[in-house]
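**Q** Protein chains in written order, with our numbering: chain A, 185 to 355; chain B, 3 to 594; chain C, 53 to 1036.
Simulated from the structure, these hints should not be mistaken for lab results.
Heads up, some of the hints might be wrong.
Calculated Cβ distances over 12 angstroms to all of chain A for the following chain C residues [stated by the list, open to error]:
#, residue
1, E605
2, F711
3, L975
Heads up, simulated DSSO-like pairs for lysine-lysine below, C-alpha to C-alpha not over 27 angstroms straight-line [unchecked claim]:
#, chain 1, residue 1, chain 2, residue 2
4, B, K244, A, K204
5, A, K341, B, K71
6, A, K342, B, K76
7, C, K655, B, K522
8, C, K328, C, K560
9, C, K184, C, K550
10, C, K653, B, K491
11, B, K356, B, K76
12, A, K341, B, K564
13, C, K111, B, K299
14, C, K184, C, K1032
15, C, K660, B, K469
16, B, K306, B, K491
17, C, K343, C, K500
18, C, K741, C, K1032
19, C, K851, C, K824
20, C, K851, C, K908
21, C, K95, B, K299
22, C, K1033, C, K883
23, A, K204, B, K269
24, C, K300, C, K247
25, A, K204, B, K240
26, A, K341, B, K24
27, B, K306, C, K111
28, C, K706, A, K258
We put the beta carbon where it would ideally sit given N, CA and C, even for glycine.
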Amino acid sequence: MEKALEAKVEPEVILGWIEKIGGDSSSTVPLLQAVQSEYGYLPREAMDLIIQNSDITGSQAYGVATFYSQFRLKPVGRHIIRICHGTACHVSGADRLKTSLRHILNISDEEQDTAENGSYTIEEVACIGCCSQAPVMVVSEDVLGNLSGAAAQRALKKHARQNDEIVTNIL
Amino acid sequence: MDADNLNVIVGEGTCGIAAGSKEVIDAFRKYDPEINIRTVGCVGMCHQEVITEINDNNGNRFLYGQVTKQVVPKIIRYHMGEGNLPKDHLIFSPEEQSSDKWQYLGNQTRIALRNVGLMDPASISDYQQRDGYKAIKKVIEDMTPEQVIGEVEASHLRGRGGAGFPTHLKWNFARQSEGDIKYLICNGDEGDPGAFMDRSLLEGDPHNIIEGMLIAAYAIGSSMGYAYIRAEYPLAVKNFGKAIADAHEQNILGKNILGSDFSFDIKIKEGAGAFVCGEETALIASIEGERGMPRFKPPFPAIKGLFGKPTIINNVETLANLPWIISNGGAAYAAYGTEDSKGTKVFALAGAIKKGGLVEVPMGTKIRDVLESIGGGSSSGKPLKAVQLGGPSGGCIPEKLFDTTIEYAAINATGAIMGSGGMIVMDETTCMVDLARYFLSFTQQESCGKCTFCRIGTLRMKELLTKICDGNAVMGDLDALDELTEQIKKASLCGLGQTAPNPVATTLKYFRNEYEAHIKDKRCPAAVCKSLITHTIIPDTCTGCSLCDIQCPVDAITGQKKVKGSYSIDQAKCINCGMCFEVCNSKAIVVE
Amino acid sequence: MSEKVAITLNGKEIAVPSDATIRQAAMSQGIEIPTFCFDDRLKAYTSCFLCVVEVENFKNMIPACSTVVRHGMVIRTDTEAIKTTRRMALDLLLSDHYGDCIAPCEATCPSNVDVQGYIAHISNGNFPAAVKLIKETNPLPVVCGRICPHPCESQCRRGLVDEPVAINPLKRFSAEYELEYGPFMPETGQDTGKKVAIVGGGPAGLSAAYFLRQQGHAVEIHEALPELGGMTRYGIPRFRLPWDKLDKEIESIIGLGVKVNNNQRLGKDFTIDELKKNGADAVLLAIGAHKAKKMGMKNEDVEGVIGGIDFLRKVVLNEPMEIGKRVAVIGGGDTAMDCARVARRAGARYVTLIYRRSQEEMPALQHEQDETMEEGIDFNYLTAPVAVLEEDGKATGLTVISMELEDADDSGRRRPVPIEGSEDDLNFDLIICAIGQDPDLSCVENEKDVPECTKWNTFTYDEKTMVTSVEGVFTAGDCAFGPDTVIRAVSEGKQAAKAINLYLKGVKVEIKKQYNISRGRMRDLDMADFSPRYVHQKRAMEATYPSKVRMAEGGYNAINVGLSEAHAMAESTRCIECGCKAKFDCDLRKYSTEYDIGDIKFKGNRRKYEIDKRHPFVSIEADKCITCGSCVRVCSEVRNISALSFVNRGFSTKIAPNFEDPLQSTDCDACGMCIDLCPTGAMAENTGKEYGPWLNDTIISTCPSCPRGCAINVHTKESVITKVESVDNDPVNHALICKEGRFAHHLQDKLLEHGDGGLKEELDRARWLLDKSGKLAVIVSPRLTIETLFTAKKLCDEKDGTLYYLPGEKSEPNKFPFAKLHNSANAALLKKLGAIAWDNSEVECILLIGAYLEKKPLKSTKVIMMSNHDNGVEPDVHLPLAGPLRSEGAVINDKGYLAFLKTNLPVSQDSTPHAILANLGGLKGFNDIASIRKQLVENVPELSGLLSDITGRLIKTDLKPKMIDVAPDCREVAFARYCKKVGL
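Here chain A stands alone, though its shape is the one from the complex:
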């Protein structure tokens, strides 16, 4: 993965959030959510700043960050694709969306979920509640339903064109 994806953390930003959201132990989740919404993941530096400047302990921060599926400890691509793996999506072929998107993003290493060029990260998420449009995926903010593998590829390519990203050129 490209080094450029590592976020540069500004201490003032983090301290600002602690000020705004609170520094008590119940602010753990919202604070981490704020960090992730800013950087796309939880940079270690940001976590350390939270621990040093609030009541949240290292054990709590790390425990919570690894517990909830929303949080990521590694940098992500510039855009995130969330593939819904709800029951309806599962029975109508969510797996195929994954296969087809990984294919055009050229992600073959099982351990990886981000394209080599740092463009997209594929996440599997629990149900996003659009079961009657299954299978569904969310590219950045756009919810797309009733997809086939090929339709998902088309949608991704469209998104890529609009955002100056490169995906493998097929179809």
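On the provided structure of chain A, position chains B and C as indicated by the hints.
**A** Here is chains B and C on its own, set in the frame of chain A:
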């Protein structure tokens, strides 16, 4: 006639968006940038998305379904008197109110969903025009907390989150327990994969939930509420947040509500992705900033909950019923339903069904009626084989039991549970073993990892199911599954673990033949399990279009472009992902 | 007193406090409820579900650790359903528990010798301890060290790194070293009045005798041959196992008081019945397998054909035999090799080995084959004898046929089949058939009760209880199991001794096996998981003499030479210590044994992690973790420290230091309570072979690190302190101890090792300095016991010196608030004794006792130092203090309480601090603590009556401590430096 005179209303719930509502709106704007467009929540006719309503200047309402950007010009032209009524898309018009499309809603009884899709969720005045916030006014002005609880008792409302615990009993515990502060939590952590009632309610009628919370808070004496909403529902968070702010502005939330002594405020807590947080104690841990790990009960949250204080946790749908119950009386609510279960229940109907979406029916309705008269039967034309109720905690009810009535006791008797209302319909293309594995894999990932049986037991079950799906199992593995099922149910701390084996138990009970086919014949009757199927190309049918070759992620397909019948699949490389089958336009690929 | 409620527990109605949990209620009735995740120091967590019980009207199992009783509750703790659930819990936990309870060498050894344990002793240079440990399971280490085929090495995990550890050479080295300087002989038990007759003085019989004598039973061995040793003497040539060594080792067993009757053959000279009549309460048949197997070929019985084992025995007994020029040996095992080599030494010119399979299948150890070949023996593979050629009733040769191997069958073996028409006749003078041996059971044919026999010519017996079909008659060794290794016979002898002991006690003969989990067989393991983690190093080799040397002087000198001491020490470091450190105190192993858990029931994915040894004191093996969370909880909940986290969820939940950083870069203060609370070996002391996985002696003592006086559980092995633990239910500290108490024993300073009377020189010199010098300053640490302080004061008076303590502006604030008390210990007494703060006065001589000088004295000042550690000054004389955990006496803490440091570890009376000071000062009546206290009370009336009452750990005194800031003493400084050195 000018398009400016038309009022266009587009359904923009998450499912509307998924179906392309943004494109539809863009198409209207493209036609006339000045056109008057409003958006509403999801009416629950998900199969008809994108749904668009046109109010013409004569005050006539027209409802169109499955609108795409191509359909938009046809609709506009008709209303400008230029073309024919696009009948294929019409759901409702002044002339035609009984189309079979309209039947979908017509056959429902909507209490919790009464406003959803019919108003702009972002507008508090829309809600108020539909009698919103009258119930809380009545409560504050005319009723004591005991009377409120009494009314709820009369309604026989039971928690709609799944377990079905009588709401008034829970409230009484909290009302009676000592505490300088009591908390009310709205549980919007709708984690069942396959359920979306709570999302639709939070997105489409947030004020109704706020009013429900106000009523509950008044009854138990709470001054602080939390709405715990899944982070996967950004639109719900957004709409609910706006509703809180608007309610504040009108002094419906905050200090001395409507000039009374009653004060109540609501904070939104966004979940961070953990199914187990639907469990009360895990949800509390999560709000407290901890890992969402359930703890042992007692003490129950009603006695010692959030931050050690008495806490009531009510599900979204439960809360959604409250304003109606107060306005219409508990008895009116209890008039619906059966002896065992009163009122209505919302289901999220999805899967192999013609008309999927939100369905609210009186308790006591037969499953078959929901599937047929509302859902319109199988979408594929292939016979239906089962419905899955209750998600990962629930079970599969086979076709032969479709006459089961929807009420707690009757559903439990089948081995499934009412659950929060996910209803996934399956035809013969669903492999029940694969489905059981899917659920076990889900609970395994979602297990908080605390208890032995849930943490390791569910994985061992999943591994056994994988073995079966891969055709490597022996009959003895079914005994091991039985044994694990029994023990995991008996020795887990929270509901997640106790119910985790249910999907296996019910499929084993009703679809044992499918398990045996995998084990004995090494065959997947639904042609789903990848290790037991093969994809092959019929040369006579193949047109040589090369689509399959392009799509194959593992380069297993070779052939000569434009040469008919030249393509073939290298079985050694094929991973049976099904991409080729999906793209083949000439049906030249068979799966066996 | 809380209210009581009535409940029914296992059918019995009882009253228990209304706030009691079911577990507490059960324990009040003496019913033990197993648990992993519950500990009195923690809040109930309810995760392991081992503690489940059944409560009437509940369909689910109820966790007893967290369910509070209710009036009228009907509880059962002992149903089959409960056991089923508990077993399932154990099965599930074990299915994700990745480790080796005992190292595979120990597990593979037929006698389960604690290889890892003795290698640890060897690596510490403690060879006698190594042999003592070996002899707990194998009384014949010298024999085995020479000739054991060492299956242990085949499973040695070091083989996944480079080559297996040279286990057998290590055993040989230590055993022979010890034989020379020892030998170790265990204590025999008190005479029980019971008598055991052992028939057969081979390895099995000797082993049984060794263990039976330790139980105090009288033992009499009846041996058919002229000397003891059985197959080790009569079946193994002495160039492989020298008789002097064998004799000495046998003597160490017989020396335990075993009566021996040689030349007494069962069935000929006596019967079992007679043994019983003559007072034997039990009889052990260990007659071995001394009858050569027959080939089943034509003319096999003619003169000139002999069984392998018969041949070897005849040679040993020096019986006349015609060897001739040409000898054939048939067979491919070790006996065949021995026969061939002995035949060579007996003068045969040409010796030919005939084996029907190929070299690949040959069962003899590779080095035996090589040596045999080097000694000029001709190997004929794929050749089978068909008939003996005979002339005048005398063998003249063999007809042989060539063989070929079929393809492997289902069992993986390739069967040899003759090639038709390939017969050939070979000339031989002597034909030795060494294809195996059987027990000769004809000796029991005429018994009154004939023990039942199997079709393999062995006694029918129960492998667990070693009993034969005849009451009171047991069996062991080759005649029971069939011909096998010496170590197998030793193991059976040991097992038989256990069984006989139980039988003689009149209790049910039942021997339960400990549960052991294994990472797997070698072939199932991945080298990549092991190899990169270690520095590769060649295995040490025993040196075998060239064949010329071996054959010289008749060929009966030892053929090889074992490892040297240096080689052995170096080789022992190659052991990678796979056996679990917690093997003796693992709850998972304990309950798995108790609930009869078998093989891994659920095979599936297991979590595998690297061992985290980055912290100098604590190691984390997350793949042994059962996720009870006790470590995380004791750290956050009790210690209020953020060091350990739960990580991930679902199956991949694990525990790790926060952010998986090294533990020392978290807030961890190394109290090590995580180790105490861990029910498995997931959290353990990060030690290497200095403390092997030994079964230690434990002593409850008092922690001397501060006046709080926490109880500590001190483990020792061979009088070395190996581990310190907290003590359950200690009210002083709620069973929590700190880094200093737990890890201070790591400060073993070589300086302390004085031999017998080794202090004399130093003491003389110190006395001389004290007498010669003028102005004397005695500087004490206020951490010393009041007895030592008082003695120092007396010495000071005697020598006209001034008593000082060290003021400590620079003393660090207390880092261990939960355990360690304030620094002003004994301040009240020091004031009382008139001590003043050290002011760097110019003196001629300083006597520095347990104190750390910040500012160096003038060069001309003579310094006598009493401390265990480097103290910042260069002393003229260095005397020791008592070891960190071997202090005794009393201290006054900062609350004015008298606290007694009551070590229960052995203290050498001459080297206690007060004894040394009394010696230096020539003080009378200061040699024992009682007399010092007597005088102390006369001088300090406030202590009157208190010092005699040492039953309580804390006693309020009238001595009001005045807070004086004092510098850390040398022990604290040394520990701080040590921690720094190891990276804390």
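**Q** Taking the hints in turn, state whether each one holds.
**A** Verification of the supplied hints:
Listed as outside the interface, E605/C is consistent with that label: its C-beta sits roughly 67 angstroms from the nearest C-beta of chain A, beyond the 12 angstroms cut-off. Remark: the non-interface label on F711/C conflicts with the geometry, its nearest Cβ contact in chain A lying 5 angstroms away (cut-off 12 angstroms). Look at L975/C: its CB is around 55 angstroms from the nearest CB on chain A, clear of 12 angstroms, so calling it non-interface holds up. In summary, the hint linking K244/B to K204/A is supported, as the alpha carbons are separated by about 19 angstroms, within the 27 angstroms threshold.
Under the criterion of a C-alpha separation no larger than 27 angstroms, the hint pairing K341/A with K71/B is consistent with the structure, at around 20 angstroms. For the suggested pair K342/A and K76/B, the alpha carbons sit about 26 angstroms apart, so the restraint of at most 27 angstroms is met. Between K655/C and K522/B the CA atoms are separated by roughly 21 angstroms; this keeps the pair inside 27 angstroms, and the hint holds. A C-alpha spacing of about 21 angstroms is found between K328/C and K560/C, which places the hinted pair at or below 27 angstroms, so the restraint holds.
Proposed proximity of K184/C and K550/C is supported: the alpha carbons are some 19 angstroms apart, at most 27 angstroms. A distance of roughly 19 angstroms separates the Cα atoms of K653/C and K491/B; the hinted pair therefore holds under the 27 angstroms criterion. Taking the CA atoms of K356/B and K76/B, the gap is about 25 angstroms. The hint holds against a cut of 27 angstroms. A distance of roughly 25 angstroms separates the Cα atoms of K341/A and K564/B; the hinted pair therefore holds under the 27 angstroms criterion.
Taken as a hint, the K111/C and K299/B pair is honoured in the structure, with Cα atoms around 16 angstroms apart against an allowance of 27 angstroms. Proposed proximity of K184/C and K1032/C is contradicted: the alpha carbons are some 37 angstroms apart, above 27 angstroms. At roughly 22 angstroms between alpha-carbon atoms, K660/C and K469/B fall within 27 angstroms of each other, so this suggested pair holds. Between the alpha carbons of K306/B and K491/B the distance comes to roughly 26 angstroms, so the proposed pair stays at or under 27 angstroms and holds.
Distance hint between K343/C and K500/C is fulfilled; the C-alpha atoms sit about 24 angstroms from each other, no more than 27 angstroms. Restraint check for K741/C and K1032/C: the C-alpha separation of about 22 angstroms stays at or below 27 angstroms, so the hint holds. In summary, the hint linking K851/C to K824/C is supported, as the alpha carbons are separated by about 10 angstroms, within the 27 angstroms threshold. Between the alpha carbons of K851/C and K908/C the distance comes to roughly 23 angstroms, so the proposed pair stays at or under 27 angstroms and holds.
Restraint check: the Cα-Cα separation between K95/C and K299/B comes to about 14 angstroms, which is no more than 27 angstroms; the hinted pair holds. Simply put, K1033/C and K883/C have alpha-carbon atoms about 36 angstroms apart, too far for the 27 angstroms limit, and the pair is violated. In summary, the hint linking K204/A to K269/B is supported, as the alpha carbons are separated by about 14 angstroms, within the 27 angstroms threshold. With a CA separation close to 25 angstroms, the supplied pair K300/C and K247/C stays within the 27 angstroms bound.
Proposed proximity of K204/A and K240/B is supported: the alpha carbons are some 19 angstroms apart, at most 27 angstroms. Simply put, K341/A and K24/B have alpha-carbon atoms about 18 angstroms apart, close enough for the 27 angstroms limit, and the pair holds. At roughly 25 angstroms between alpha-carbon atoms, K306/B and K111/C fall within 27 angstroms of each other, so this suggested pair holds. The suggested pairing of K706/C with K258/A holds, with an alpha-carbon distance near 19 angstroms, which does not exceed 27 angstroms.
Hints 2, 14, 22 from the earlier list are contradicted by this structure; the remaining hints agree with it.
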